[in-house]
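There are 2 protein chains.
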Amino acid sequence: MTDILEKSQARQRLRSLSEALDSGALKQVARILNGGLSPSDIAHLLESSPPRQRVLLWKLVDKQLEGEVLQYMSDDIRADFLSEFNAQELANLLEDFESDDLADLLQQLPDTVIQEVLDTMDEQDRQRVEEVLSYPEDTAGGLMNTDTVTVRPDISIDVVLRYLRRHRTLPPMTDSLIVVSRRDEFIGVLPITRMLVSNPAATVREVMDTDIEPIPVSLSDTKVATLFERYDLISAPVVDENNRLLGRITIDDVVDVIREDADHSLMSMAGLDEDEDTFAPVLKTTRRRAVWLGVNVFTAFTSASVIGMFEETIQQVVALAVLMPIVASMGGIAGSQTLTLMIRGMAVGQVSNASVRWLLNREFLATALNGVLFALVVSAATMVWFGDKTIGLVIALALVINLTVASVVGTLLPLTLKRLKIDPALAGGVILLTTTDVVGFLSFLGLATYFYA
Amino acid sequence: MTDILEKSQARQRLRSLSEALDSGALKQVARILNGGLSPSDIAHLLESSPPRQRVLLWKLVDKQLEGEVLQYMSDDIRADFLSEFNAQELANLLEDFESDDLADLLQQLPDTVIQEVLDTMDEQDRQRVEEVLSYPEDTAGGLMNTDTVTVRPDISIDVVLRYLRRHRTLPPMTDSLIVVSRRDEFIGVLPITRMLVSNPAATVREVMDTDIEPIPVSLSDTKVATLFERYDLISAPVVDENNRLLGRITIDDVVDVIREDADHSLMSMAGLDEDEDTFAPVLKTTRRRAVWLGVNVFTAFTSASVIGMFEETIQQVVALAVLMPIVASMGGIAGSQTLTLMIRGMAVGQVSNASVRWLLNREFLATALNGVLFALVVSAATMVWFGDKTIGLVIALALVINLTVASVVGTLLPLTLKRLKIDPALAGGVILLTTTDVVGFLSFLGLATYFYA
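Going down the list, the sequences are from chains A and B. Quick note on numbering: the first sequence equals residues 1 to 453 in full-length UniProt numbering. Quick note on numbering: the second sequence equals residues 1 to 453 in full-length UniProt numbering.
Treat the hints loosely; a few may be bogus.
Any copy will do: because identical chains look the same in the list, a pair fits if it lies in one copy or spans two.
[Unchecked claim] Derived DMTMM-like pairs (lysine to aspartate or glutamate); straight-line CA-CA distance at most 25 angstroms: (1) Lys-223 with Glu-68; (2) Lys-27 with Asp-423; (3) Lys-418 with Asp-125; (4) Lys-223 with Asp-41; (5) Lys-59 with Asp-154; (6) Lys-63 with Asp-232; (7) Lys-421 with Glu-95; (8) Lys-284 with Glu-130; (9) Lys-63 with Asp-138; (10) Lys-418 with Asp-240; (11) Lys-63 with Asp-211; (12) Lys-59 with Asp-147; (13) Lys-284 with Asp-388; (14) Lys-418 with Glu-276; (15) Lys-389 with Asp-41; (16) Lys-223 with Glu-95; (17) Lys-27 with Glu-274; (18) Lys-389 with Glu-312; (19) Lys-223 with Asp-75; (20) Lys-421 with Glu-312; (21) Lys-59 with Asp-75; (22) Lys-63 with Asp-175; (23) Lys-421 with Glu-137; (24) Lys-389 with Asp-111; (25) Lys-389 with Glu-123; (26) Lys-418 with Asp-275.
Hint data in this document are derived by calculation from the structure and do not stem from the laboratory.
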């Protein structure tokens with residue numbers, strides 16, 4: 001663990017690995033790779049390597065570690081490696097996987113391969129995996145493991161302790177046992193730390209915690225994450241609509257959801273996928289980005305056509321061409337701030353219909369105030385630059401108009417998009433900036449045409 | 001817990017609360033608020049409320065819950081409420097706080113108040129808090145609690161179990177006991193789940209895990225988070241430079257770090273703070289945003305002055321004014337994609353000096369390919385629109401130039417800024433977009449001046 005604590009050391013290792021790779025000292029690389037590095041370290045190393053090195057490194061990974069290393073990889077990269085295996089190899093590889101990870105992974109494979117892999121598994125394992133596969137990946141059902149340790153309410157703590165001792169190990173992240181009825185209905189949880197400080201003669205019923213509400217299997221993964229964050233949970237039971245225990249969700253999988261949700265907003269606003277492989281090869285990258293650039297060519301021509309309406313005015317007063325990007329960009333900046341604040345607020349569940357009016361008011365007032373302030377500053381600078389009072393007046397008015405429009409659009413757009421089931425983080429920025437460009441050029445050049453006519 | 005599972009219910013509660021507030025039915029509000037809502041729910045409700053309602057709600061919160069509710073609030077909002085208390089009230093309020101939360105909170109107060117609060121605490125508590133206060137907030141020391149349960153290696157599991165039973169409760173998130181020497185030096189950890197499946201006659205030494213490396217007290221919180229994510233930790237011991245145990249870090253505090261780090265990139269790119277209160281009042285918001293708009297006025301005038309150099313050319317060919325924003329914005333889009341990918345890659349520790357050259361190559365190639373593709377598309381559209389072959393040639397060349405410059409700047413800028421200890425997420429976007437505007441206008445108008453001369 002200390003080995004990777006210091007970045008410089010990790011870098012040094014990566015550099016010595018890459019030198020060893022370059023010089024073809026593959027045995028040396030394999031020794032570094034399989035000696036002392038944990039599977040998650042190896043996965044991180046693979047994710048931090050360009051494609052050619054990545055393939056080489058993967059070939060050097062100990063066969064026995066492959067399954068575990070795959071568990072720690074991001075979806076995009078894992079899919080590349082998985083495509084190399086046949087069904088039997090996959091089944092062997094996936095033996096150690098927890099059912100939720102296994103289901104996630106199988107969902108990336110073609111349907112025929114999934115069936116083949118399932119056919120090679122034993123009955124019990126297959127049932128478990130098929131259960132998890134039956135729930136969408138982004139719900140509590142898709143996140144849960146089926147490796148619960150359950151107890152009945154009427155036995156004593158002492159009996160529970162003896163029962164546990166019959167296990168060779170307990171599932172990872174077991175912070176509590178789940179108390180269920182004879183018919184597997186959820187009753188409560190028995191936190192292990194509480195059990196350890198209890199009288200061994202007490203019954204589970206006396207010690208257990210019944211305040212905990214189990215998680216419905218269809219709850220979205222984002223809401224599961226909110227519950228874990230809000231109640232500081234390590235694990236939580238998952239039940240079906242009849243309160244029957246199906247499995248449990250653990251914090252390690254929830255942390256991945258939190259990380260992905262948070263990355264999602266950042267990456268989407270630049271038209272990227274949160275799973276985006278930092279080291280994706282040229283052609284894959286080019287193709288994905290071309291889509292985004294294509295969308296933006298379209299919006300750029302829309303703004304340009306607005307300017308095109310005012311060619312005569314610009315010919316008359318060329319200073320307008322010099323100044324018009326200022327109006328557009330100030331609107332874009334102000335609107336992006338509002339939009340980002342709204343997207344973050346919606347992501348953490350702070351924005352409700354009840355508070356939208358207040359937010360709209362606040363954004364409108366704050367942006368209008370800044371609009372007036374910067375209208376004065378920019379207008380003064382413009383008058384000094386071009387020695388023309390009219391142009392100062394026109395830019396001041398246009399700035400106030402564009403900034404206030406930006407604040408309204410920035411507030412209402414993400415909510416509207418969400419209602420239309422369009423991702424605000426992906427589409428919000430493009431629509432907002434097109435709006436502030438169009439409104440900026442239209443108001444500035446339109447007012448100029450009026451005043452100079 | 002189920003109460004807040006469904007958004008509609010949470011919204012309904014918020015709406016009924018806000019109606020009750022409006023109608024002045026404060027008793028009813030207090031009943032809803034203090035009956036059944038957990039402290040974290042109340043904190044979330046306060047964070048999701050506009051200022052006027054927030055102050056009213058806070059007054060209605062049960063005095064006994066205030067301390068706990070404060071623990072779950074974000075820094076910015078908490079600071080507002082804390083300013084209302086005197087030192088003695090604060091000391092009473094803060095009694096239940098864990099030492100790391102308490103230290104975080106005290107750091108928000110004026111130095112004189114901190115001393116007053118510390119003076120009212122008993123000797124043991126004060127020492128604990130002073131210990132944590134002595135470490136920077138964003139290090140392992142600032143994150144840790146001092147509530148460790150330690151055992152010696154030479155005693156038996158049975159003795160440990162009896163020792164634990166003497167406790168009334170164990171600290172939250174206790175998934176393992178920490179094994180220390182007589183001089184408090186870290187030796188290993190004893191996972192509780194492993195202890196439960198072990199022979200009670202075995203010694204701690206036989207059962208404990210010594211593979212775990214303790215976290216150095218000065219490690220940055222981001223690196224602590226990486227360790228927790230990579231090794232699926234629930235808690236981890238913290239040691240000083242002499243391997244002496246100082247405390248432990250728990251996953252709940254690490255999740256906050258992960259959330260804040262992830263939010264940081266998103267919010268900074270819009271010039272916002274990750275702690276930004278969604279419901280900050282008008283004047284506070286206006287002031288903060290004015291700074292960002294001010295920076296952008298400056299950069300907007302820089303771009304404008306570039307256009308100003310070509311007034312004569314524009315007067316001659318007005319179509320240039322119509323088309324120039326296309327060149328600038330396409331460069332901005334391409335550059336933002338590269339920049340965002342780099343910032344994310346750096347945040348998760350995937351980008352090292354060893355891989356920069358590969359990334360630069362890939363970004364250059366991918367963007368150049370897209371540059372050529374879109375140069376053809378845009379140039380064809382332009383020639384059709386204006387019926388002028390020269391302008392099609394000029395815009396094609398300018399696009400290729402601006403996109404390739406954008407890819408190089410987008411790749412190298414965040415690394416350079418980091419080396420200069422400037423936050424890439426905050427400054428990166430502004431510098432990049434100024435560059436793509438300047439290069440876009442300069443190349444497009446410069447080439448036009450050459451070709452039309």
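Now for the hints, and whether the structure bears them out:
1. For the homomeric pair Lys-223 and Glu-68, the shortest alpha-carbon distance between copies (22 angstroms) is at most 25 angstroms, but the shortest distance inside one copy (28 angstroms) is not.
2. Taking identical chains as interchangeable, the C-alpha atoms of Lys-27 and Asp-423 are never at most 25 angstroms apart, the minima being 48 angstroms within one chain and 40 angstroms between chains.
3. In the homo-oligomer, the alpha carbons of Lys-418 and Asp-125 never lie at most 25 angstroms apart, since the shortest distance is 39 angstroms inside one protomer and 48 angstroms across protomers.
4. Taking the shortest alpha-carbon separations for Lys-223 and Asp-41, only the inter-copy value of 14 angstroms comes in at or below 25 angstroms, while the best intra-copy value is 30 angstroms.
5. Taking the shortest alpha-carbon separations for Lys-59 and Asp-154, neither the intra-copy value of 53 angstroms nor the inter-copy value of 44 angstroms comes in at or below 25 angstroms.
6. In this homomeric assembly, Lys-63 and Asp-232 come within 25 angstroms of each other (Cα to Cα) only across copies, at 23 angstroms, whereas the closest approach inside a single copy is 37 angstroms.
7. Within a single copy, Lys-421 and Glu-95 get their C-alpha atoms no closer than 38 angstroms, and across copies no closer than 46 angstroms, so neither meets the 25 angstroms cut-off.
8. In the homo-oligomer, the alpha carbons of Lys-284 and Glu-130 never lie at most 25 angstroms apart, since the shortest distance is 32 angstroms inside one protomer and 53 angstroms across protomers.
9. In this assembly of identical chains, the alpha carbons of Lys-63 and Asp-138 never lie at most 25 angstroms apart, being 31 angstroms within a copy and 39 angstroms across copies at closest.
10. Neither within a single protomer nor between protomers do Lys-418 and Asp-240 lie at most 25 angstroms apart by alpha-carbon distance, with minima of 28 angstroms and 49 angstroms respectively.
11. Taking the shortest alpha-carbon separations for Lys-63 and Asp-211, only the inter-copy value of 22 angstroms comes in at or below 25 angstroms, while the best intra-copy value is 46 angstroms.
12. In this assembly of identical chains, the alpha carbons of Lys-59 and Asp-147 never lie at most 25 angstroms apart, being 32 angstroms within a copy and 45 angstroms across copies at closest.
13. Taking the shortest Cα distances, Lys-284 and Asp-388 never come within 25 angstroms of each other, neither inside one copy (52 angstroms) nor across copies (35 angstroms).
14. With identical chains, the CA atoms of Lys-418 and Glu-276 are at most 25 angstroms apart both within one copy (23 angstroms) and between copies (22 angstroms).
15. Taking identical chains as interchangeable, the C-alpha atoms of Lys-389 and Asp-41 are never at most 25 angstroms apart, the minima being 64 angstroms within one chain and 56 angstroms between chains.
16. For a Cα distance limit of 25 angstroms, the shortest separation of Lys-223 from Glu-95 qualifies neither inside one copy, at 30 angstroms, nor across copies, at 31 angstroms.
17. In this homomeric assembly, Lys-27 and Glu-274 never come within 25 angstroms of each other (Cα to Cα): the closest approach is 35 angstroms inside a single copy and 46 angstroms across copies.
18. For the identical chains of this complex, Lys-389 and Glu-312 are neighbours both inside a copy (20 angstroms) and across copies (22 angstroms), given an alpha-carbon limit of 25 angstroms.
19. In this assembly of identical chains, Lys-223 and Asp-75 lie within 25 angstroms of each other by CA distance both inside one copy and across copies; the values are 21 angstroms within and 23 angstroms between.
20. When the C-alpha separation of Lys-421 and Glu-312 is checked against a cutoff of 25 angstroms, the pair qualifies neither within a copy, at 42 angstroms, nor between copies, at 48 angstroms.
21. In this homomeric assembly, Lys-59 and Asp-75 come within 25 angstroms of each other (Cα to Cα) only inside a single copy, at 19 angstroms, whereas the closest approach across copies is 48 angstroms.
22. When the C-alpha separation of Lys-63 and Asp-175 is checked against a cutoff of 25 angstroms, the pair qualifies neither within a copy, at 32 angstroms, nor between copies, at 31 angstroms.
23. For the homomeric pair Lys-421 and Glu-137, the shortest alpha-carbon distance inside one copy (18 angstroms) is at most 25 angstroms, but the shortest distance between copies (40 angstroms) is not.
24. For the homomeric pair Lys-389 and Asp-111, neither the shortest alpha-carbon distance inside one copy (70 angstroms) nor that between copies (52 angstroms) is at most 25 angstroms.
25. For the identical chains of this complex, Lys-389 and Glu-123 are neighbours neither inside a copy (84 angstroms) nor across copies (70 angstroms), given an alpha-carbon limit of 25 angstroms.
26. Taking the shortest Cα distances, Lys-418 and Asp-275 sit within 25 angstroms of each other both inside one copy (21 angstroms) and across copies (24 angstroms).
Hint compliance for this structure: hints 2, 3, 5, 7, 8, 9, 10, 12, 13, 15, 16, 17, 20, 22, 24 and 25 are broken, all remaining hints hold.
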